[in-house]
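Given chain E, put chains W and C in place with the hints provided.
Residue numbers (our numbering), protein chains in the order written: chain E, 1 to 366; chain W, 1001 to 1294; chain C, 2001 to 2298.
Among the clues, some could well be false.
Stated by the list, open to error - Stretch by stretch, here's where chain C covers chain E in the computed footprint (C-beta under 8 Å, at least three residues):
| # | region |
| --- | --- |
| 1 | 85–93 |
| 2 | 98–112 |
As the list claims (entries may be wrong) - Heads up, simulated DSS-like pairs for lysine-lysine below, C-alpha to C-alpha not over 27 Å straight-line:
| # | chain 1 | residue 1 | chain 2 | residue 2 |
| --- | --- | --- | --- | --- |
| 3 | W | K1287 | C | K2209 |
| 4 | W | K1287 | C | K2181 |
| 5 | C | K2003 | W | K1206 |
| 6 | E | K26 | E | K210 |
| 7 | E | K136 | C | K2181 |
| 8 | C | K2003 | W | K1287 |
| 9 | C | K2209 | E | K136 |
Bear in mind the hints are in silico, worked out from the structure with no lab data behind them.
These numbers come from a predicted model, not from an experiment.
C-beta: ideal position from N, C-alpha, C; glycine also.
One-letter residues, chain by chain:
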Amino acid sequence: MARITLDHLAHAYKANPRTAEDYALKEINHVWSQGGAYALLGPSGCGKTTLLNIISGLVRPTRGRVLFDDLDVTDLSTEARNIAQVFQFPVVYDTMTVRENLAFPLKNRNVSRERTARRVEEIASLLDLTRVLDRKASNLTADMKQKISLGRGLVRPDVAAILFDEPLTVIDPHLKWQLRSTLKEIHRALDITMIYVTHDQTEALTFADKVVVMHDGAVVQTGTPDELFERPAHTFVGHFIGSPGMNILPCRVEGATAFVGTSLISLRRTYRTLSDGERIELGIRPEFVRLQPKGAGLPVQIRRIDDIGRARIARVEMSGRPLAASIPDGISIEGNEASLVLDPNHVHIYANGHLVAGEATGGHAA
Amino acid sequence: MSGTIAVGRSDTKSIAAPQAANRALSGPRVTGRVVVMTLYLLFLMLPIYWLLNMSLKTNMEITSGLTLWPREITFDNYIKIFTDESWYSGYINSLTYVLINTVLSIAFALPAAYAFSRYRFLGDKHLFFWLLTNRMAPPAVFALPFFNLYSAIGLFDTPWAVALAHCLFNVPLAVWILEGFMSGVPREIDETAAIDGYSFPRFFIKIFMPLIASGVGVAAFFCFMFSWVELLLARTLTSVDTKPIAATMTRTVSAAGMDWGLLAAAGVLTIVPGALVIWFVRNYIAKGFALGRV
Amino acid sequence: MTKPLNNRAWFFVLPVFAIVAFSAILPLMTVVNYSVQDTFGNNQFFWNGIGWFQELLDPSSQLGEQFLSSLMRTLLFSAIILLIEVPLGIAVALSMPREGWTVALCLVLMAIPLLIPWNVVGTIWQVFARGDIGLLGWVVNRLGIDYNYTGDPIDAWVTIIVMDVWHWTSLVALLCYAGLKSIPDAYYQAARIDGASRWAVFSTIQLPKMRRVLLIAVLLRFMDSFMIYTEPFVLTGGGPGNATTFLSIDLVKLALGQFDLGKAAAMSLVYNLIILAICWVFYTVMTNVDAERERIEA
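For reference, chain E alone in the conformation it holds in the complex (with noise of 0.2 Å):
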């Protein structure tokens, strides 16, 4: 058990790289508190699982420390780290049974056999894996097998930290929820820090205290999935994070107004530090965009309606820029003219992607 720090942390896959194109992991500086349920989220592709290799020990970064506690183990092997990880797709020891395969870290450690007995007991049945504890590993579903690459991953009880990687993708959807439970309880019941690597939102906001979003090989908002909800840091997090995403608009802003297309949009704060060659966006969640009836409000054309299942989202265009908003229960639009009405308190901007804070306005604290 360990606090994980990594300091200016970077990975290239090349050898000397030059640009910060060559780099699949940006320089990371993150701090992963003990006991702590984290998930990393982001599209394939961008560094999570990168980064979980550089933990784990698998890959050695190119720049950078990787401390557990004070302890430095950039340099130490996966051996010696004492970590767990739990990979995408099942690893199973097809000439072994299940008991064995789950007790294997457990014997390779020289743990007594008395010891690994009962701790495979328990997490066998944690897992739902007592009936077939006897039977060859190989001749099971794939589904089992991943419970079993869970569950060598459990085992031990003194590991620094717990590694998932994306470690659902082969469980059936109504396990899925299941498993993913159980995780949480066994978290809850350990206090052992677990990392889980995810592209599937949900996931990731169900499972963990604290998401980690990644982007392009950089972090790019860490923070409850709260925060990750009402004020992305990124244009990437509100785009990536919600169904449907937030609605990225570029504007123009001068002082407290935004200007999209012909259309003005006050804001509570005011943007004095934007230069005029930054790329300049507004960003509003659609569940903060109203649609009303014609009348007061920025006129839009309707030009199609979703419903979702516990809401109506609305497709509009305004001055010509596709836009997702809500439809308040019990308000029905005739015809394809309506109005919006955006929460001010929701409205955020963004320079070259990036969240700007911008000062209170007058009084108006936020």
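What follows is chains W and C alone, placed relative to chain E:
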């Protein structure tokens, strides 16, 4: 499930991970592997080097004492082979029947392999087994009956006799290899093509063949290989006109003793076609030797 | 994943059936025909029934004794070959470099002996092992070991075995390498996470994953060594004495050398039956392995 994991991006990982592994692990294991490999390659190359070495020496030098490299390099042996028709025609004869055999084997094997990979039919398992047993049949058993057979139908001493005889073991092998590769192509592709209105021949040539192209390459490689290296049947079924190079080599024993230099030069030249073929397929060797079945 | 039943598929198989039948069944009928007859040359044949077979399988007769000893020599040879080539092939496959241009280089060099005509392989070793002009023979003699493969049966055996190891180990190695390449990286990573030793990685991951290719390797090597003819024929001609006369050499001597067609034919049939039986065992084992694999994947 072997195929599912090797998706695009993971290639970079698979290269990088062992690299990191090597660095993290202690030195001796790495050098141990290098030592084994180096010794093995040395063991493979020494006899071949010796042959090359001898082929560049004069007979005087060969018989007068052991020299590790030619003191006086001579190309006379090679010049003799390339200028004497009875020598170089041997190469042409060999290559002729090898190529005929390769083309025949693949052409015959393709439809059969398709049938085995796609359908069940009466006696399929037994037929497949019977075909394979012919791959295992000792040429020595067939030498004499083949001689009778091909003499009777007037093919004796033609490349066709040898090419057809080699089909005995190459066709089953080609069927086996191609069947493995074809089974790796999902049957849905056949069905989709049929729905899209492709006639069977057009589907087979336009869609299916490109998908199993590497399998055809591998099968052709093995047919080439086994036809090129076989001698017993090739020698038995030819006499003067189509004598294979390997048989011509026995001529170096003459009344004046062994012409070692010439023998060595001829030997070196028989290695060349094989080495060339390997060089062209070097990137497919690993996959090829899995015969589409790993 | 069951394939549809379609007996018209026979039309696809017909050409192969025809050509292999032409090359296999017709000659085999000739052989059967010869095997029950006797000849005194001059193309006159007499009915001999199962006489040749009785003689062949009766170890007290001259032919029977000759056959039995050739068979034993061949089996011993195959056993030794497998015991050396399979472990060595695995070791070489495990020693393959993992990346870079050296991979292609090693593969090409390893494959070269496989594509050398078999009599040339014999010639190469005939020269290489000679005491006067061959490097190997010369060095061994210089080391104070009396070595002469044309005179001493043990030396002849050692030379043939080394030659076969030289010739064919690469086939085993390349098959194993192909098997190793198919193991996903995640297996090695998981093993490192689990703290597995080098030996554990080999015995729990690499060896089980190589099982199938190893089976193919053993089958091919057994069959080819059981049928070996050209290389020892060129190297030793079956000598000294009969020390390296394997079944094939014996057979060709009988058939093409002495034109003892009846004996040779009977011997061919028995030889073929032995091979058929061994082939069947392998085939059964292999299809069982396949069936097991398919069941797992389903």
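Hints, verified against the model:
Counting residues of the region 85–93 of chain E whose CB lies closer than 8 Å to any CB of chain C gives 6, so the stated coverage by that chain holds, three being the minimum. By the rule of at least three residues with a Cβ nearer than 8 Å to a Cβ of chain C, the coverage given for the region 98–112 of chain E holds, with 4 such residues. Using a Cα cut-off of 27 Å, the hinted pair K1287 of chain W and K2209 of chain C holds, with the two alpha carbons roughly 15 Å apart. With a C-alpha separation of about 9 Å, the suggested pair K1287 of chain W and K2181 of chain C falls inside the 27 Å cut-off, and the hint holds.
Distance check on the hinted pair: K2003 of chain C and K1206 of chain W sit about 23 Å apart at the alpha-carbon level, within 27 Å; holds. Restraint check: the Cα-Cα separation between K26 of chain E and K210 of chain E comes to about 21 Å, which is no more than 27 Å; the hinted pair holds. Simply put, K136 of chain E and K2181 of chain C have alpha-carbon atoms about 24 Å apart, close enough for the 27 Å limit, and the pair holds. With a C-alpha separation of about 26 Å, the suggested pair K2003 of chain C and K1287 of chain W falls inside the 27 Å cut-off, and the hint holds.
As the CA atoms of K2209 of chain C and K136 of chain E are separated by approximately 15 Å, the hinted pair is consistent with the 27 Å bound.
No hint from the list above goes unmet by this structure.
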